[in-house]
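Q: As they're listed, the protein sequences go chains A and B.
Using my numbering, you'd call the opening residue of the first sequence number 6 and step up by one each time.
Using my numbering, you'd call the opening residue of the second sequence number 789 and step up by one each time.
Among the hints, a few may not be true.
Facing chain A, according to a computed beta carbon distance under 8 Å, are these residues of chain B, among others [unchecked claim]:
#: 1; residue: Ser909
#: 2; residue: Ser1015
#: 3; residue: Gly1075
To be clear, the hints were calculated from the coordinates, so they are not data collected in a lab.
Treat the numbers as computed from the prediction; the structure is a model and nothing was measured.
Here a beta-carbon is modelled for each residue, glycine too, at the ideal position from N, C-alpha and C.
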Amino acid sequence: MDIFPQTKNTEIINPDLIEIQKYTGTWDHSTVKHLLSRTIYGATRDQINECINKGMAVSVSGLLKESTIPDPPVNYNVSDDPDVMIGETWVDKKLSNNRLRGYRRRSLRAWTVGIALNQGISIQEKMHLFWHNHFVISDIQDPRFEYIYSQLIRKNVLGNFRQFTKEMTIDPSMLRYLNGNQNTRFNPNENYARELLELFTIGKGLQVGPGDYTNYTEDDVIEIAKVLTGWRDRGYNSRRADFTVETYFVPNRHDSSVKKLSHRFNEVEISNMGDQEYAHLIDIIFQKDEVAKFITRKIYRWFVYHHIDKQVETTIIEPLAQILRDHDYDVKPMLEALLTSAHFYEMTFRGAMIKSPLDYTISMLNQFESKPINNQLATIYNYWNLIIRISEFLQQTPFEFPDVAGWKAYYQEPGYYQSWINSTTMQFRQIYRDLVFAGKLNFNGDIRNNASLKIDMLDFINSLNGASDPNILIDELVTFLFPQEINDAQKEALKEVLLPGLPDYEWTVEYNDYLNNPNNQGFKSAIENKLIGLLQAITAMPEYYLG
Amino acid sequence: MKRRSFLQSASSASLPVLLNGFGVSTIAKSSLFNFIDPDSDRVLVLIQCNGGYDGLAMLHPLDQYSKLSDVRSNILIPENQTIKIKDDLGLHPSMEGLANLYKEEKAHFIQAVGYPNQNRSHFRSKDIWTSGSAADEYLTTGWLGRYLDQEFPGFPEGYPNETHTDPFAITIGSAVSTTCQGIASNFSMAINDPFNLIPLTVSAGGEVPNNYYGEQLAFLRDAILKSNEYSEVITSAAEKGTNTIEYANSRLANQLKNVALLIAGGLKTKIFVVNIGGFDTHANQTGGGDATEGQMSSLLLELTDALVTFQTDLKNLGLDERVITMNFTEFGRRIQSNGSFGTDHGSAAPLIVVGSCVNPSVLGTNIQLPDEIGRQAAVPMQYDFRSVYGSILMDWFEVPEDQVRSLLFDEFRYLPIVQKCNNISTATYDQELEKFDLSIFPNPTSGNSTINFDLSQSSRIKISLFDTIGSELEVVTNKTVEPGHHQIRMDLSYLPSGHYYVRFISDHFQKTMLVTRI
């Protein structure tokens, strides 16, 4: 079973980056850490070193290589699904009864996290989450629908935004979530039409007149709803063996009248084009420069920082949007320009983003090279499920959103990423990290298989350059784990956790005792317990929330 | 976010590293109420109803039923199944408990609350409602945050302190409420389970760099410190408090249960914000075939049950004169239903205020529906939501009217929402003054019409013209006028033929009337 994506070699076009100033400063640990903390979930020390050696250009083009689409999620522990044996996928299997949706749902969510956890040096999974948060769906009760939606994102992660929008417009889950499947010429339902404009493509500008939001009008919403009439989905919760999940077009439900858009779209008229009309509409919307700017701002807020002032707008957003337009809405050249720009690496941005719950939980496990306790299928899936469970507590779950605008952290002024943080979620973060290091994190939510993870802390510090000196040990850990330097008083305080009231050499002595007697349980557990305390203290610092 | 304030508050936060266990010290639970401070402040509980609820399915204008059945027959509750609270007004059958509270003089309804130039985006309209801004104004503070900033300047620096030991506002759940966003910090603390607040590890601080990284770091340090300080008082209040009645096991009831518990335990928090979602009923607002079943019906039942139980609990605890509860939503929905047994985004919607101190009345009149109801048409506003907020600030928190104007908007007009319990309002509101003739002639009109009215005392008058989407097309007049008879000319000749609304506001009277241009 190949559950991990593999990268394939795809050449990318090198954009002509006249407008954006390229980063030409030192390529070092700090810049690499910044690049990887924004583009992957928790870089290991080896991955950081690899990118330092490769240099910026090669690292960034490596991140942007397209991954192969991973094998589908499987039945990992349910023996009474008559259609799916353990180890087989359920994505194309009939649903004998609704109860079986439970494990399939967990399997899909776990699998999604599993891919992120094992992505390697690739931007794929953070872009996947970006698009998931962009083209939001929620409350879809058939995991087969959710899987198809998720595959649509994977296929388009680094592809063409316009083409992606077309495909998403008639995705079965999207048709259900925003009532597109109920949008008919007899009874137009404008839910999708509004969000297509407001959240997915052009964005809402200031309200400048009655029903006029600068980029579109209320009448456009109504006309566009008509354009999108006629689409339906099929296969939802189907129990038939020959089911297919698909979208289809019903000409009789389609409004064949001429639709007229407002002056915001140059009063263009759209005549009946049947099942091609939606694509034509999206071509019309994408002719507006504002679409490129809108998505570029969103990408900027995802990868760089939330605050976009006039200067950022003119020197960063507009040139990037131009690159996007120049490449006909292919996102890759624009991303490459962003990630190699001088702006991206400015000190002010390094560590200025509060990690999202998924980033926080997955990154911690990757940084410390955590593993499930064994390689059994159920153990692996339960380990992934555990991550889902925790990020759910922390207010972020794939396939579930607070509303159609996605997670507040990426649009809600004034705090943006700060919306992840409050006394409730901070307490959950604390419980999580303390249990991780104490080795007590268990998943008991599933029927038989209890899985827990393991972090080999001794292996981890043994590979540091100077773990036997407590000062070097702490230095190396905080350099690896924090986005920016901390001061000497903070380091002293950490040393006080490691060696309360003891001189430095006591650590050296005990650590060397352990190194010389690796099988002595007494020496080993003394060092381990000390490390648990130290790592809990380091990751409790607010600096660790930042990436 | 003002960076300066954060940096100031953060640079003082240099504390040693402490490690801690998970346990919360437990205090012996008392079932007595003797911890209640009789001098404690009044409490406002806000219920944010997410999604934009269909006000016409809550308060049914019975005098408009034939027109309603023309355009929303697939979701319309049969007239005889609504619960009449006035001759021309029937509540949804799921709201029986609220009808009873109304009879017991503990509920107040405000018809058609909104704002000029209704924005039909959930997100923008939520921002408008929570910030208390105009449709074209972009505020980054919440309306309660601004009020609290005025009362407690400099927050969060210097809080909590000896005088103010408790959080000023609490959001039940896992996110703070934007209504409580102040200049430098959000005044509300998010709590899920008041019995299970875990102290967070406090770490060493030091200077933070003067950049975005430093700004975020300072925010986190401050959040940890505040959370710890407030957690102790909250847990202690939860331990002391008690509920006197069983709450239903709904999301909303569980939140209100904790609110009652904390107030009973003596917590001096002034504002609680709770949430209920699911009102975005584009489809299946009602169940197939039966308009009294379906999503809206269950939501209204959840809302009503929770409100009634909460009010009963407070009454049993002797706290009912200290608490009022108000709900709000980002917009109402269209008058026409759609083909999916649902309704799309609209304009104004009613608000409900519950408590032993409310004015037991229905403020406002029923919508006047035109003969032809366009697809985009929605309920026109009668009251500006900022006048509702401001009146509550005046009556409940004793904020002077001039401050209300600066916190909210200059066009503020006082509304008699809270009228009992010796409230110390600075407002005068003479019901008799409402009784003056207001008419538009001719109506329908081919162009010019005259608005006639009599005033018994001088008053600030504003008359504006709205379309059926909720856009304010024109301000016809906005001035102070003397007592006596007045005629104000209005020219509709520039408008296409169709239906419009004239909104009239004086110091003591507000009304929205249908006018037809032919």
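Q: Each hint should be assessed against the structure and marked as holding or not.
A: Consistency of the hints with the structure:
no., hint, in the structure
1, Ser909, "6 Å, holds"
2, Ser1015, "4 Å, holds"
3, Gly1075, "16 Å, violated"
Taken one by one, the earlier hints fail for this structure only at number 3.
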